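Chains A and B supply the protein sequences, listed in that same order.
For what it's worth, my numbering labels the leading residue of the first sequence as -3, then goes sequentially.
For what it's worth, my numbering labels the leading residue of the second sequence as 678, then goes sequentially.
It should be emphasised that the hints constitute simulated quantities derived from the structure, not laboratory data.
Do not rely on the hints blindly, as some may be mistaken.
[To be verified] Simulated restraints on C-beta separations:
id, chain 1, residue 1, chain 2, residue 2, range
1, B, 694, A, 193, 51 to 57 Å
2, B, 894, A, 89, 19 to 25 Å
3, B, 949, A, 68, 21 to 27 Å
4, B, 714, A, 193, 39 to 45 Å
5, A, 178, B, 917, 31 to 37 Å
6, A, 32, B, 717, 41 to 47 Å
7, B, 693, A, 210, 45 to 51 Å
8, B, 901, A, 174, 37 to 43 Å
9, B, 905, A, 165, 24 to 30 Å
10, B, 886, A, 25, 57 to 63 Å
Model, not experiment: these values are computed from the prediction.
Even for Gly, the Cβ is constructed at its ideal location relative to N, Cα and C.
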Amino acid sequence: MIRFTNVHMNYPGGNEALRNINLHIEQGAMVYITGRSGAGKSTLLRLIALIDRHSRGQIIINGQNLERVRNRRIPIFRRHIGFMFQDHRLLNDRTVFDNVALPLVIAGYRHQEIRKRVQAALDKVSLLTKVNSYPMALSGGEQQRVGVARAVVHRPAILLADEPTGNLDPALSWDTMKLFEQFNQVGVTVLIASHDLDMIKRMSKRIITLKTGRILPLGGTPTAS
Amino acid sequence: MTPANRKKNTRPDKTFKSELKRRFDMWLLQHAQAFIFSLGQYIKYPISNILTTAVIGISLALPASFYLLLDNVRYVSSSWDGSVQITLFLQTDVDETRAAEFANTLSSNNNINETVLIKRADALAEYQKLSGFAEALNTLDENPLPNVVLVKPTLDSADEAETEALIKELEAMPEVDTAQYDSRWLKRLLYLLDIVNRLIVILSTLLAIAVLLIIGNTIRLSIHNRRSEIEITKLFGGTDSFIQRPFLYSGLWYGVFGGIIAWLLITISMQMLHGPVKQLANLYASDFQLIGLGFGNSVILLASGIALGLIGSWIAVKRHLRAIEPV
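Work out the full structure: start from the sequences and follow the hints.
Pasting the structure below:
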């Protein structure tokens, strides 16, 4: 569950990224956040992951008030979140296996358990054959799917994806979205920031539209289903 | 996964004790991972790492070998130290019988512990044997050497004034030509060694700082090169101690291998010096042998390397790791 109450976010230097955001996303929902560049999509995700701290208001994630999460506890908090990025951000000097295993290694899982879960995650994104490859040897779409596997391998409660399809062609984008939908169906709350409005509308999920740091009232529900 | 269904994963009989054991196991596992990972990183870039380690090794070997040199000089001089010895060269007209009587009378002096007479004939024989001038000495008509009495005073060698008084007293005796006080130059040598010792301490400190800087800078570069990895790790919930662990272990490896290189350098040098030193010692009729590092000093050398490696990497980690935040 994600709840924003009167949340403001000012970056140092006076840039007001979010203004008076009120938002409620139920557990297990799949939500798109859209809007132009600079509308505040990324900022919203960054606040949820405690990469930045909000300036005013209250954010509650899975019953935890983020103001009460001390800096020292941020790593533990983040272990319930999976991340996806437009530029994949894979580690090029590590194999696909090691890349996907990273969240499990961080959390201190045993080797057998890591092997099992990494294989399951790679199987899910149909990349089991590439387990020993290096990211540079993969196509853009494959790299993106490695990113997906890494984001879900530790079974996070929330999946945050920042422009996950930004570099992909429409067919691959659609496949990626379908993949997210599958994870959503097993109970993961999925938040996707994207400006690919056509595709978002076809997915017929809840859409939150941001404009200059505010939520547009009409953007709250999909216009077609 | 919400906190609610996380709980389902935990076994119901899980007690506080087993939770503690699980955490300890995890801690141990992550240390083992960092230990092996950092060693893997070391092997992955052999050239640059061996160069860095060689510099560390040389920096450790320099002060250590100076200490060893000082140790050896101290050992040699220790056999002279404490036994202040006055050498009395008797007048040439004093023959051996009178010299023996004279030595005997001196022995009864309260300030004198022991006297040893070196007869002129014995002195000549010994000199001929050791100096290599046997031929030249044979051509001489008579023995040019005087009888010599070695005097060991009972006085405390540290008390300069009393020793001086004794020397004056001995020099005034008619049989005595000159009295030579052997420990004057020994004292000078000891003071000189003190200065050298200080210099070594200063040098060691400077080189230790150099090692810290080398390791600190190497770790700083490695942190810089792995910036994106650190960011991702922080994003997926890696704690500061998790992230800094492999860097600290890298510092440890630099220290360990640097210490081993230093040990090898010193041991090889000692082996090379062994032969010539033995020949020199033979000339002085001494069975002196170079003192090597020994087990204790080897341990100290390795421990210094490890300590410097850990401290250097720790400083670098504290200064540079905190600054990296996910973006």
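The hints, checked one at a time:
1. A hinted range of 51 to 57 Å holds for the C-beta pair residue 694 of chain B and residue 193 of chain A, which are about 56 Å apart.
2. Checked against the hint of 19 to 25 Å, the C-beta distance between residue 894 of chain B and residue 89 of chain A comes to roughly 21 Å, which is consistent with it.
3. In this structure the supplied range 21 to 27 Å is violated for residue 949 of chain B paired with residue 68 of chain A, their Cβ-Cβ distance being about 55 Å.
4. Residue 714 of chain B and residue 193 of chain A have their C-beta atoms about 44 Å apart, which keeps the hinted 39 to 45 Å range intact.
5. Distance hint for residue 178 of chain A and residue 917 of chain B: a CB-CB separation of about 35 Å, consistent with the stated range 31 to 37 Å.
6. Separation of residue 32 of chain A from residue 717 of chain B is about 45 Å and conforms to the stated range, judged on CB atoms against 41 to 47 Å.
7. Checked against the hint of 45 to 51 Å, the pair residue 693 of chain B and residue 210 of chain A passes, with Cβ atoms roughly 49 Å apart.
8. For residue 901 of chain B and residue 174 of chain A, the Cβ-Cβ distance of about 39 Å falls inside the hinted range of 37 to 43 Å, so the restraint holds.
9. About 26 Å separates the C-beta atoms of residue 905 of chain B and residue 165 of chain A, a value consistent with the hinted range of 24 to 30 Å.
10. A C-beta distance of roughly 58 Å is found between residue 886 of chain B and residue 25 of chain A, which places it inside the suggested range of 57 to 63 Å.
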